[in-house]
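Protein chains in written order, with my numbering: chain Z, 49 to 275; chain V, 423 to 824.
Since the hints were derived computationally from the structure, they do not count as laboratory data.
A hint or two may mislead.
Claimed, not checked - Below are the DSSO-like pairs computed for lysine-lysine, each with C-alpha atoms no more than 30 Å apart in a straight line:
1. V/K434 - Z/K174
2. V/K663 - Z/K123
3. Z/K123 - V/K430
4. Z/K166 - V/K430
5. Z/K166 - V/K434
Stated by the list, open to error - A few chain V positions that, by computed beta-carbon distances, are all more than 10 Å from chain Z:
6. K434
7. D639
8. S744
9. V818
Virtual Cβ for every residue (Gly too), placed ideally from N, Cα, C.
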Amino acid sequence: MIIQAEALVKTYSVGGTTVRALDGVDLAVEEGEMLAIAGPSGSGKSTLMHILGCLDRPDGGTYVLAGDDISRVSKDRLAEIRNRRIGFVFQTFNLLPRMNALENVELPLLYAGLRHAKDRAAEALKRVGLEDRMHHAPNQLSGGQRQRVSIARALITNPAILLADEPTGNLDSRTGEEILVLFESLNAAGHTVIMVTHEPEIADRCRRQIHMRDGRVVEIRGAAGRG
Amino acid sequence: MLFWTIVKVGLKSLVANSLRSFLAMLGIIIGVAAVISMLALGAGAQKQVMERLTAMGTNLLVIRPGQSGFHGVMSGTQETLTVEDAQALLKEAPGIRRLAPAVGSIAQIKYMAQNTRARVTGTTATYLSIRDFQVEKGRVFSDSEVESMGRVAILGPVTVENLFGISDPLGETIKLNGINFTVIGVLKAKGDQGWFNPDDQVIVPYTTAMQQLFGLDHVAEIDVQVADEADVTALQAAITKVLRKRHRTQTGMPDDFNIRNQADMIETANQFTRTFTILLGGIASISLLVGGIGIMNIMLVTVTERTREIGIRKAIGAKERSILMQFLVEAVIISGLGGLIGVALGLAAAVAIKHFSDFNTVMEGSSILLALSFSAVVGIFFGWYPALRAARLDPVEALRYE
Numbered sequence: 049m050i051i052q053a054e055a056l057v058k059t060y061s062v063g064g065t066t067v068r069a070l071d072g073v074d075l076a077v078e079e080g081e082m083l084a085i086a087g088p089s090g091s092g093k094s095t096l097m098h099i100l101g102c103l104d105r106p107d108g109g110t111y112v113l114a115g116d117d118i119s120r121v122s123k124d125r126l127a128e129i130r131n132r133r134i135g136f137v138f139q140t141f142n143l144l145p146r147m148n149a150l151e152n153v154e155l156p157l158l159y160a161g162l163r164h165a166k167d168r169a170a171e172a173l174k175r176v177g178l179e180d181r182m183h184h185a186p187n188q189l190s191g192g193q194r195q196r197v198s199i200a201r202a203l204i205t206n207p208a209i210l211l212a213d214e215p216t217g218n219l220d221s222r223t224g225e226e227i228l229v230l231f232e233s234l235n236a237a238g239h240t241v242i243m244v245t246h247e248p249e250i251a252d253r254c255r256r257q258i259h260m261r262d263g264r265v266v267e268i269r270g271a272a273g274r275g
Numbered sequence: 423m424l425f426w427t428i429v430k431v432g433l434k435s436l437v438a439n440s441l442r443s444f445l446a447m448l449g450i451i452i453g454v455a456a457v458i459s460m461l462a463l464g465a466g467a468q469k470q471v472m473e474r475l476t477a478m479g480t481n482l483l484v485i486r487p488g489q490s491g492f493h494g495v496m497s498g499t500q501e502t503l504t505v506e507d508a509q510a511l512l513k514e515a516p517g518i519r520r521l522a523p524a525v526g527s528i529a530q531i532k533y534m535a536q537n538t539r540a541r542v543t544g545t546t547a548t549y550l551s552i553r554d555f556q557v558e559k560g561r562v563f564s565d566s567e568v569e570s571m572g573r574v575a576i577l578g579p580v581t582v583e584n585l586f587g588i589s590d591p592l593g594e595t596i597k598l599n600g601i602n603f604t605v606i607g608v609l610k611a612k613g614d615q616g617w618f619n620p621d622d623q624v625i626v627p628y629t630t631a632m633q634q635l636f637g638l639d640h641v642a643e644i645d646v647q648v649a650d651e652a653d654v655t656a657l658q659a660a661i662t663k664v665l666r667k668r669h670r671t672q673t674g675m676p677d678d679f680n681i682r683n684q685a686d687m688i689e690t691a692n693q694f695t696r697t698f699t700i701l702l703g704g705i706a707s708i709s710l711l712v713g714g715i716g717i718m719n720i721m722l723v724t725v726t727e728r729t730r731e732i733g734i735r736k737a738i739g740a741k742e743r744s745i746l747m748q749f750l751v752e753a754v755i756i757s758g759l760g761g762l763i764g765v766a767l768g769l770a771a772a773v774a775i776k777h778f779s780d781f782n783t784v785m786e787g788s789s790i791l792l793a794l795s796f797s798a799v800v801g802i803f804f805g806w807y808p809a810l811r812a813a814r815l816d817p818v819e820a821l822r823y824e
């Protein structure tokens, strides 16, 4: 198991009342899986993604990622885990505007303490089909190309899981389809992919889908295992 | 992340907001330039005063009426010193090479239709050699002219210029407080001393000055030149003994005069210029501090504006320390670069002040170093809080920030 989460609880207090964003979520993900976390907004899927992505820590329960119990580790250690084990792909791409594609992709390796990472960044861009756009700034790239850059950035540290948060949300349907195909091919090449989405047709592309509502998993469709 | 990479990233984001970075830098530039030029001005004043004190003549003792206060002298309105004191000292205190009594006051000076006010010093010819004055044209007055209350005057070059312009003053008649004097000599220029310009004065026999010009029966000072082989401390003691006896000062009562030697005067002048320098530097440092607050302000804006960037960096694995460093480096680049430009500007200002005004400036390596390290410290100090705020941002919140 690459992910083993049990009884995850996360609460927020909003204006004096306590909201249980996660109310006892269990989740196990196998290596090489392609999994969708689906649900309407406010269902807790984003909170779950933040915890799975080590951006946040749960208030209760345990989370074991690739053998490390990370429910109670320090902030620095969390940053290291994000750097090495997790590749994020965001709906709004989240590229740094003043850096070109190559520099954006290289950045995680610089934070990992590597010195010459340009070659590896170029290789990652090649994998997503952007070898001729390496020196373009994000604002010189189309939405689909930007999302490919951010996928290349997510891949560069060879992470245990790829976490995609509505990766096609800001793209037209044709470009969105291309991105989904790219995720499928990455999954076929052995990467574990977790996709957070509220669109059923995108969730259906994954072999297994978990549906959330009010901080709980309400339905699991499909079977665990490699897609 | 490598330090050099952080510096590169910092430079990039400063260039991306170049106007804002420049404005933040401007505060530091002005502050450092002010510190540098003010310290140069202070050092210049110090050097000038020292030079002038040395030019006043060596082995000089100045006896003035009144008790010495805790800083130098109380203004001597007391009338305790007389010409007879001076004559007695010459006879009774061993170790005096020569001495000269002097009185002085500001007087109205007229030549034809020209009018000016200047200091009139009444003394003997010896005074001029003790005080290291030289006569450029003409001659000094003789002993007989002093004894006979001669109405002869030696003018400083500035006074000559004020009264005569470019024409020759020798032999001309001027009026001091309405009394006619013949100009017999012109002094060589010594240069302004700051509080008193020795080139703008009229020197006349003390006898004439005391009895005809000002109506005085006491002298304002007695200048004593110590003999080469004599011990200054012993001589001061001897003078004190003679004067106390002549003034019938009771045992246990303080002296009614004070003796200052050149070391005292140098010390007083040093104290004065040091205070002057600290004052100038202190005022200038305040502008450096204000510059630092400007940096803090800009950095806080920058951090807020780049919240999302910080979130992204954290998501891909930046530790708090890396974010802290990144923003701290930006602040230090602003202050450091501002410091360098400020040093250049300050040095230019110091050169300009020296060139275009009467003030002397001296550039010291230590003040440059001081200003530079101070500006770096300002960068770290005022950059710390914004950088810490950036580093402590919650990644989830930061990623959500629009």
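The hints, checked one at a time:
1. V/K434 - Z/K174: holds (26 Å)
2. V/K663 - Z/K123: With Cα atoms ~82 Å apart, V/K663 and Z/K123 exceed 30 Å; violated.
3. Z/K123 - V/K430: holds (26 Å)
4. Z/K166 - V/K430: The given pair, whose Cα atoms are some 16 Å apart, holds under the 30 Å limit.
5. Z/K166 - V/K434: Between Z/K166 and V/K434 the Cα gap is close to 18 Å, so the pair holds against 30 Å.
6. K434: Given that some Cβ of chain Z is not farther than 10 Å from that of V/K434, nearest at about 6 Å, it is violated.
7. D639: holds (86 Å)
8. S744: Nearest chain Z Cβ is 6 Å from V/S744, so the label is violated.
9. V818: It is violated; V/V818 is separated from chain Z by about 5 Å at its closest Cβ, not greater than 10 Å.
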